[in-house]
Amino acid sequence: MSAQVRLGLLQAAAPLLAIAFGALVASGIILAIGEDPLEVYALMLRFNLTRSDSVAAILFKATALTFAGLAVALAFRANLWNIGVEGQYAVGAFAAALVAFGVNGLPAFIHLPLAILAGVAGGAIWALLPIVLKLRRGAHEVITTIMMNHIAAALVLYLLADVFRDPTQAGTPRVRTPLFLDSARIPPLRPLLQQFGIGIPEHSALNWFLVLAVVLCLAAAYLLARTRFGYEVRAVALNPHAAEAAGVRIARTQFLMFLASGATAGLVGLSDILGFFGYFDIDFPKGLGFLGISVALLARNNPMGVVPAALLLGFLDRGAQGVQVFAGVPREVITILQAVIILAIVVGYELVTRYVRAQRKREAERAVAAPSDAVMQEGG
Amino acid sequence: MSAVIELTQITKRFPGVLANDRISLAVSPGEIHALVGENGAGKSTLMKILYGLYEPDEGWIAIRGNRVTLDSPSRAITVGIGMVHQHFMLIPRFTVAENVILGSEPARAGRLSMSEARRRIRALADQYGLAVDPDAEVGALSVGEQQRVEIIKVLYRGAEVLILDEPTAVLTPQEVDDLFANLRRLRAEGKTILFISHILEEVLDIADRISVLRRGRVVGTLEAARATKAQIAEMMVGRPVLMELDVPPARPGPVRLEAADLVVPGSRGRMAVRGLSFQVREGEILGIAGIEGNGQSELVEALVGLRAPSGGRLRIMGEDMTQAGPRSIRMIGVAHIPEDRHRRGLVLPMEVWENLILGHHFRPEFGEGMLLDRGAIEGFARERVDRFDVRTPSLRTLALALSGGNQQKVIVAREFGFAPSVLIAAQPTRGLDIGATEFVRRQILAAREAGMAVVLVSAMLEEVLSLADRVAVMHAGEIVAEFARGAATPREIGLYMTGARRTQEVPA
Amino acid sequence: MELVAALFNMALLASAVRLTVPILLTAMGAVYSERGGVVNIGLEGIMIMGTFVGASVTHVVAVSIPAAGAEAGAAQALAPLAGMLAAMAAGVAFSLIHAVVAVTFRVDQIISGVVLNMLAVGLARFLNILIFGVATQSPGISGFEPVSVPLLREVPALAPLATGISPVIPLALVLLVLGQWVLLRTVFGLRLRSVGEHPLAADTLGINVAVMRYAGVLISGALAGLAGGYLSIEQGRGYLEGMTQGRGFIALAAMIFGNWWPLGALGASALFGYFDALSLRVVHTGVPYQFITVLPHIATILVLAGFMRRAVPPAADGIPYTKEEA
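Chains as they are written, first to last, in my numbering: chain A, 242 to 621; chain B, 14 to 521; chain C, 3 to 328.
Just so you know, these hints were derived from the structure itself, not from any lab.
Think of the CB as a built atom: it goes at the ideal place given N, C-alpha and C, for glycine as much as any other residue.
A portion of the hints provided could be inaccurate.
Stated by the list, open to error - Restraint ranges, calculated between C-beta atoms of paired labels, are given here: (1) C/Leu175 with B/Ser128: 28 to 38 Å; (2) A/Arg490 with C/Met12: 47 to 57 Å; (3) A/Gln435 with C/Ala212: 56 to 66 Å; (4) C/Ala212 with B/Ala75: 26 to 36 Å; (5) A/Ala599 with B/Met473: 31 to 41 Å; (6) B/Glu68 with A/Ala261: 31 to 41 Å.
As the list claims (entries may be wrong) - Below, a sample of chain A positions facing chain C; criterion: calculated Cβ distance under 10 Å: (7) Val383; (8) Ile534; (9) Gln579.
Stated by the list, open to error - Covered stretches of chain A, as calculated for chain B (at least 3 residues, CB under 8 Å): (10) 457-470; (11) 476-485.
Using the sequences provided together with the hints, build the complete structure.
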């Protein structure tokens, strides 16, 4: 069906057009600060694609972004905004850190899963209050989760600086937890990649959480597409009133999806601390929760789209470092580029969706005029 | 006598549809001119063109002999055309005065002059006999009062021509009488009225002339005094029409649904249903008539488990289901055609096959454990679509792409699946064209023949009267009267709909 | 008793009044936007732009005017004024993006607002680097000459609240009363509310829905920009990254608490301002300071949890308007 193909192409083209539009706006900014945009972009491509440390860094960054994007997307799929990923992953990561340095004498195959579980639980617990207040009291989750982010930041700072600070670091400017036990560390991916003849730098942070991130996205996609629960989630998101009439318990569905979102958020920081740093410190990476919103929007909340979206943002992030160091272009230009891409993409998706629906409607109108055996074409 | 409005060769196309096909029409000053036709005949499109919401692809409009371009509602207002919409364009939280003046406010330097507004509204109300309180909040008014506000809104803007789109659809027979008195008064004051309807008795009662639309074309204009119902109906449909459905006698069996002193809360803490009792037996249809907003919606929601009763009991198939949720009520064999199919009946952005299992999706037939069995679902969906003749390009078409009639067919096909024993149908033919209406009504009768116990809630009195074996009239959350089939005239029932009480019981 | 005295001393109350102003201004902005039917979650970002632009324009104007001579006083007053106006202009410009995306393109309003917030963070950092060479702060600046409110300053009990205050504080109160009056008693207010309640009805009466919604959003931008300018020029005496501390969102809670009316938002804004002041002052308690700093955020959650049910938003709030039938 050529019409089908055309619509499909259009949907695929929207993100590309948005990226082009974002690049155009960023070009203006780059020109304004007296640099040549083409050179900057070329540098970015060269820096990102021709160096193995760049590729590894992009994949490492994309690992955390995948969890963050999936967390936001899962909530979104149930018509809920989880702007609280930022706070949830801070709490989750700190909970994991507690287990990683505080629990002794366990073999790795117990200690590491336990630390990961602590992260998941921390994230889910921090998501609990907003969703309960939403469902019981009607408090808008956008505002409550943002407030929870501020509270999480204060709580983690307090626990880190005043309670669990590594005593051996007292008197130094370093504010961090004691070092994690090796049994709680996520193994690096390098040995595996070497077996396939792929070389990455020795101290690359890239670890097995990348695989977990991809697997989790696949699992989420399967859950949504093929299970009764996934069907109910989609119905609730698209028309809660009809879902309710069909016997779906809306509050329960939303509650579970939001907790799943928080639990996934609990994984965001683990690749960094359990897979790379080996401690939790005051410079623990921040802002991944908000980047997760970008990832989810780029992916249209489709779990399968989260991985490429995270790769794109990881790519831009690495490129930003490159252009800052080698071309003297502030990396904030790339932050702006990201935001413009997201804005353009949501507008693009909106227009495409509207157009596609109009087309479908036209098709159906023609079908009414046609004999009813048209039903048999291309079903189910 | 020259025409106030003259339409010449108006043509309007939508993708795949010719909505108006070279329509020419002349409306004389001071007449009530009715425009009749089936849903989809092009009435609404034509009215939207006259009101500046659509622009015609071809043809032109002349007002008092001058050609005009009506490219916006405000332009239509300027040339003296006012529209009373079928779904009132009123803001419930605003007062009557605020609603009336919105868009042409009496003001000094941007400051509203509400005293001036009140004065003008009172003057209009007096002149045309339209009683309203300018300071009342519109949300608290009855439907008839709201309609008067709409009419005043139009007169306030100096309309000479009033278009009324299906104005009686939401009124009781008594309110219709009031409206018609108002319209005659308006005509006496020199206004011209364009009256859109598909209820032929009313049209013959109120109109001076009647124009009939069919498939986007004017098929004729008649003098109301010399026209007959059968004649107009034939013009509308294009063939002789049988006006009555053929209903075989009922053979009621054991009680399947029983409500006893049922009390159901409304949305704002007030009781919407106040101690209601009835029984429905196998193979019979209980019709519930009443003006909308008298607790019918809440009653239906309680019957299907969407709203928990706060008192009384509900027994279905002999089991106490008073506090049961929608899922258990479905599983016990209750089917539900909801009053608002877009809100409660379908997930519009989902595909047809997905909509066909909505509410059946937890049945073991559609998969083991957590997983859904796509093959089994497709088989079921295909069978449903074929049996109920749903016109869709494919099972993967989005429900929102289907026409209203086909959407309703999806719902009926789904709800009649898995052999239900009870059917709760609320406003089942609302907004459907004659063909789809007939289809749905036949399905409801077929359900009765198949032994289902049917509760039919409808604001269309004629629908209840033609389908139901017993008619209960609801007012203010109570059943105020009950009649066996044929035991009461529409006018009598209308009286109860507005609150009269009937003391003696009627044998069921 | 000591604690009670500490909680209600005049200096604390004066500080509470100062910190009420940015929340109140932004909440009023939110009222305009949402009364017109557009949820503006991007107010935080608009405030951020206000803080940055306000401080940097104040600084640039101040250094470009010769400080000596007879005109020094006038020049000193000119810089914060220019900064404040620039902050408002930046707020309007930034909210225009929201209007275009959410009203014209009918994208989900929350998405648009959230992206706006992200854009503001990046943009403020970038521009700060361009102008001041660092990402996170501007040089120190001086604000308006403090003013005293006539009459009020004569009352001994109120003197600390009425003397030596920023002129923006009385301005905010004037805007507050004005806002209530505009929404209730003017043609503009009636029309704005009508497109937030029932845009189709307004449209059929010849009211341009998009124009009214743009107006609501742009006014919200001006007010949030002003709030941001006040924060950086009058409160912070300079721009510091993150100085808005979520006040844009807190203001939304204040608006909800106030049932979408300017006067209603005053109470919750004052409550949040008080906790804000408290978080800056109470250092000598046993409670770790990190917990004191989040008092406003905890209060916000409590307010939303306690009062949301009672409030009734405009009927078409957050719903893009389209003439086409579904």
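Verification of the supplied hints:
For the pair leucine 175 of chain C and serine 128 of chain B, the beta carbons lie near 29 Å from each other, so the given range of 28 to 38 Å is met. Between arginine 490 of chain A and methionine 12 of chain C the Cβ separation comes to about 54 Å, which falls inside the hinted range of 47 to 57 Å. In this structure the hint that glutamine 435 of chain A and alanine 212 of chain C lie 56 to 66 Å apart at CB holds, the actual value being about 60 Å. For the hinted restraint 26 to 36 Å between alanine 212 of chain C and alanine 75 of chain B, the CB-CB distance of approximately 31 Å keeps it satisfied.
Between alanine 599 of chain A and methionine 473 of chain B the beta carbons are some 32 Å apart, a value that agrees with the proposed interval 31 to 41 Å. As the Cβ distance of glutamate 68 of chain B to alanine 261 of chain A is approximately 35 Å, the hint placing it in 31 to 41 Å holds. A least Cβ separation of about 6 Å between valine 383 of chain A and chain C falls short of the 10 Å threshold, and the interface hint therefore holds. Given hint, isoleucine 534 of chain A at the interface with chain C, holds; its Cβ is 6 Å from that chain's nearest Cβ, closer than 10 Å.
For glutamine 579 of chain A, the shortest C-beta to C-beta distance to chain C is roughly 7 Å, which falls under 10 Å, so the interface hint holds. Residue count for the stretch 457-470 of chain A with a Cβ under 8 Å from a Cβ of chain B: 4. That meets the three needed, and the coverage hint holds. For the stretch 476-485 of chain A, the assignment as covered by chain B holds, since 7 residues bring a beta-carbon within under 8 Å of that chain's beta-carbons and 3 suffice.
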